[in-house]
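Peer 1: Counting from 1, position 3 in the sequence shown corresponds to residue -11 in my numbering; the numbering is continuous, with no gaps.
What the hints contain is simulated information worked out from the structure, not anything from laboratory work.
Small disclaimer: the values here were computed from a predicted structure and weren't measured.
Among the hints, erroneous ones may be present.
With a Cα cut of at most 30 angstroms, we get these calculated DSBU-like pairs of lysine-lysine [what the hints assert, rightly or not]:
#1 Lys361 - Lys413
#2 Lys276 - Lys310
#3 Lys418 - Lys289
#4 Lys151 - Lys24
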Amino acid sequence: MTKLELEDIQGYIIRGYAHMMYSRFVYIKITNRKAAKKWLAKSWASMTTAVHVHDKSKISSTHLNIAFTHNGLGALGMYEENLNAFSREFRQGMITPHRTRLLGDSGNSDPIMWNWGNENIKTQNPEITDQEDKTIHLCLMIFGNDKGSVDDIEKDKIVCLDYYKELESQFEENGLKELFFIDGVTQPENKEHFGFRDGISQPIIEGSGRVGSKDDVVKAGEFLFGYQNEFGVYPDTPLVVKDQGNLNFLASDAGGSGLKDIGRNGSFLVMRQLEQDVNGFWTFMNEKTKHPDGTINVEESLKLGAKIVGRWQSGAPITLFPDKDPGVISDINDFGYSKFDPDGLKCPFGSHLRRSNPRDSVDDHGVKESLKLSKQHRIIRRARLYGQVFEGSPTNKNPKGEVGLLFACFNADISRQFEFLQYTWGKLPKVKELYNDPDPIIGVKENPEPGEKQNFTIQDCPVNRTISDLPRFITVKGGGYFFFPSISTLRYLATI
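Make a model of the complete structure from these sequences and hints.
Peer 2: This is the structure we're talking about:
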């Protein structure tokens, strides 16, 4: 049985901090390499680890974690040879032309339109003059279980600002410059802005100490470097190719190369800021299910929304509750589609959750092979809401200002995990018995090609029902790939 080195792993990947209701994600540029490394040499001790605290009274009221971009590691002074030891996806970033097509970032989601994460595009565009270099080097993640001082009530900035202000007051002397921040909050009952309970289905990392269904237990190497993955091998990890810094802080490569491992107990962190069109979502549901006289059929609108998402608003899976939301907040996750819904008559094949985690029902594969394939493409999903605390519904669909999700996920292989889910299981319109059905949440094009259909098919008897002309409900406003290092690697980075 794998045993994780929890004291060396930053906590956000294992624990999720569900009890930390408020958060601030601060995106920072390194302005003084020497000062930043001096700061890092001290601040690593403040990072929250994955060690489980059994006595709840001893849990800190604030948590802190950190992640670096490829440019950020370079800004610290990492040799080019060692920077090149990281995966191609991390080195290239999220906004190459190839990756933009892969992820479906077009129209208003085109990186040129983003609020952040598109610095390379902006600085290389001759039409944009006097562009300040806002290259992101690191993200500091601050979490708190109370609001702390609120600096602007009118803008609903509800974060743990006391702790952040203490950190921020030392940025300049430590060679750090805040570029911007995103405040995150967890809503009551952990519902996202469309109104659905979120974050229920998560893989359990083998050796993490968490318990659950064996079908949810995934090899540690799918999420952490230095451990075997679902293929029975060690994931490609960044190694020290050219000696640099105090190598005594790093473990040797578990794969047997003899080189020191920068990645061990670390992971890749994918971030995407996703604006949610709550009004568009529920207006579409209402229109497709309205009564003959044109009035809103709330019950049928809620049901169509649940079919599209894959769970009811309460979190209850429609696979087990196909006719009506039981109404009680639910975290039920121990079920398989092959056993309970092989024909998609309860949870449609094209629903967002069934596509992103098909469990024991992948295409035409059997149960055992499906579970194996599903585990090879899992991600650990983390998300925080931004904007107004708002729970959408057929009759409550107009939040004040922009609302959305700061999506984040952990994976050891960005291409095989996050990008595969986004493109192969999300964007492609052909899956199972479907031919014109992209994922209704993450796969729909804002501007489809002439004659291109974007449908949502509901399996039914005697014939299927087709919900046509799906609009896009999500707009990407920013994003990036980050390296989420271990505590040991943080100590090492301070010495390079």
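Peer 1: It remains to establish, for every hint, whether it holds in the given structure.
Peer 2: Taking the hints in turn, this is what the structure says about them:
A hinted pair counts as satisfied when its Cα atoms are at most 30 angstroms apart, and Lys361 with Lys413 qualifies at roughly 20 angstroms. This hinted pair checks out: Lys276 and Lys310 have alpha carbons roughly 18 angstroms apart, not beyond 30 angstroms. About 22 angstroms separates the Cα atoms of Lys418 and Lys289, which keeps this hinted pair within 30 angstroms; it holds. The suggested pairing of Lys151 with Lys24 holds, with an alpha-carbon distance near 20 angstroms, which does not exceed 30 angstroms.
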